[in-house]
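*Asks:* Each protein sequence line maps, in turn, to chains S and B.
In terms of the working numbering, the first sequence has 158 at position 158, counting the first letter as 1, and numbering is strictly consecutive.
In terms of the working numbering, the second sequence has 71 at position 71, counting the first letter as 1, and numbering is strictly consecutive.
Just so you know, these hints were derived from the structure itself, not from any lab.
All C-beta atoms in this analysis are idealised placements derived from N, C-alpha and C, irrespective of residue type, glycine included.
Hints may be right or wrong, so weigh each one.
[Claimed, not checked] If we take Cβ atoms under 7 Å as the criterion, some of the chain B residues that face chain S in the derived model are:
| hint | residue |
| --- | --- |
| 1 | Phe65 |
| 2 | Ala83 |
| 3 | Ala132 |
[Stated by the list, open to error] Just so you have them, the derived chain B footprint on chain S, three or more residues with Cβ under 8 Å:
| hint | region |
| --- | --- |
| 4 | 23-36 |
| 5 | 55-62 |
| 6 | 173-185 |
[Said to hold, decoys possible] Label-pair restraints from in silico Cβ distances:
| hint | chain 1 | residue 1 | chain 2 | residue 2 | range |
| --- | --- | --- | --- | --- | --- |
| 7 | S | Tyr73 | B | Phe159 | 33 to 41 Å |
| 8 | B | Trp17 | S | Arg256 | 57 to 65 Å |
| 9 | B | Asp169 | S | Arg58 | 39 to 47 Å |
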Amino acid sequence: MSLIGHNTPPIFKRGPAPTVRLMLYVSAALVLLVTDLKFRYLEFMRQTVAVVLYPVERAAATPADLVLNAATYFATLAKVQQENALLRRQQLRMSEQLMRHEQLARENSRLRTLLGMREELPARSVAADVLYAAHDPFSRKVILDRGSTHGIAKGDAVVDERGVIGQVTRVHPIQAEVTLLTDKEQAIPIAVQRNGLRGVVFGAGAGQLELRYLPATADVEPGDTLVTSGLDGLYLPGLPVAKVLRVDRDTQAFARIFCAPVGGVEQSTQVLVMGRLNLPLPPMGGGNDAVVAKAGGGS
Amino acid sequence: MQPTNRSQRILQPVKLWYLYLSLLIAFALTLIPTGHLPGVPDWLALVLAFWSVREPLRVSLGTGFVFGLLVDVGHGAALGQHALAYVLLTYGANALSRRVLWFSPLEQALHILPLLLLVHVVMVVVRMLSGADFPGWWYFTGSFTAALLWVPMHFVLLFPQFRPVERDDNRPI
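Let the hints inform the model, and build the full structure from the sequences given.
*Replies:* Structure below.
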């Protein structure tokens, strides 16, 4: 018997029904998914949890490291010597090119001053190792062992010794996540080296790239080299990106152009992260807002 | 509690620290970078399903949700993707818990397999709706390996509960 104002205490305390709780949790997960995928509001939360998880991740990466190290440990001496000889030859060739490059750079800056043009911006670069391929099987990403404390910023270009392999899309203090060129959501502005024609290359899956939105009559041929155009303000201009494999002009408006990346997109283990030091500012007042918007709208 | 409902043997009650330790170890195992190796089981889904079947009052939707979010961050996946899949998994396993324990471990694995497949299907659907690539059919092989692991996992996870209450120096376990 209950008194007024006092309910009988429940004998079997139960929360909401299981179906109700299921609906609650499912809707919470869906809200998170939409906020993350559509609006990208949750990066801060992700960063915080990622820092806490870092030691666990490093510990979990040790078995994989052991397997890799064992593989290199058992590489034969002959193979190492071969590689050494190859590297020496490469170094010789490179140093010759480097000497000419220095002279050309000096000449270029002199000519630029003669013409009254702005000096080219210096680039900053950080060497990094690829730790491992990201777990997510739906995207093409790798994790680097350098992060924002080493000067890597979101939007930096990632290159190996042959060409561009991707772009930094997420930076943690000591790690960075690189989205490879072959990822479906990755795009990179390019120019055809032969004639300067500009376009945008997208990942097409299966290790290939696609040059989209060029008219069927565009002057692109199989074998053309595509380099970064630098128009986005993020990539340095002139980095090799891809080679055109085949051009399909039968479609109505746009040509379908398939390319193969030049860099070892899914193989390279040592990479260079390159970024611009700062964006050029306009000389005086006026266009300030536009430049700020451009700097903020990267990635 | 019994190892299966037909068994004559009575188990000791589960120790909470052991339950959460096993979940954390399973979580660490999912963070091992295996690249895109086919057939790698989702350890956490397996252990979560196990405890949701054995201890539906302790491990249920909330546990699945929290561990799902941790995996999302650890894997760099879409936030909420694993959480959604694990919530559905724990719900299904909780619902199965009264029924499944009447069967032998191998038959239990057959009951769990559809749930583990569901985890993968949910994630594929969510990511493909948001425009990602289809990861290939090998992606689903992980749930079959996980189902095979159910039987050995069953003994490992129940091991502390198999011990007798009174200590006997002459008995090996």
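*Asks:* Each hint should be assessed against the structure and marked as holding or not.
*Replies:* Hint-by-hint comparison with the structure:
{"no.": "1", "hint": "Phe65", "in the structure": "holds (5 Å)"}
{"no.": "2", "hint": "Ala83", "in the structure": "holds (5 Å)"}
{"no.": "3", "hint": "Ala132", "in the structure": "holds (4 Å)"}
{"no.": "4", "hint": "23-36", "in the structure": "holds (count 10)"}
{"no.": "5", "hint": "55-62", "in the structure": "holds (count 5)"}
{"no.": "6", "hint": "173-185", "in the structure": "holds (count 3)"}
{"no.": "7", "hint": "Tyr73/S with Phe159/B: 33 to 41 Å", "in the structure": "holds (36 Å)"}
{"no.": "8", "hint": "Trp17/B with Arg256/S: 57 to 65 Å", "in the structure": "holds (59 Å)"}
{"no.": "9", "hint": "Asp169/B with Arg58/S: 39 to 47 Å", "in the structure": "holds (42 Å)"}
The structure meets every hint from the earlier list without exception.
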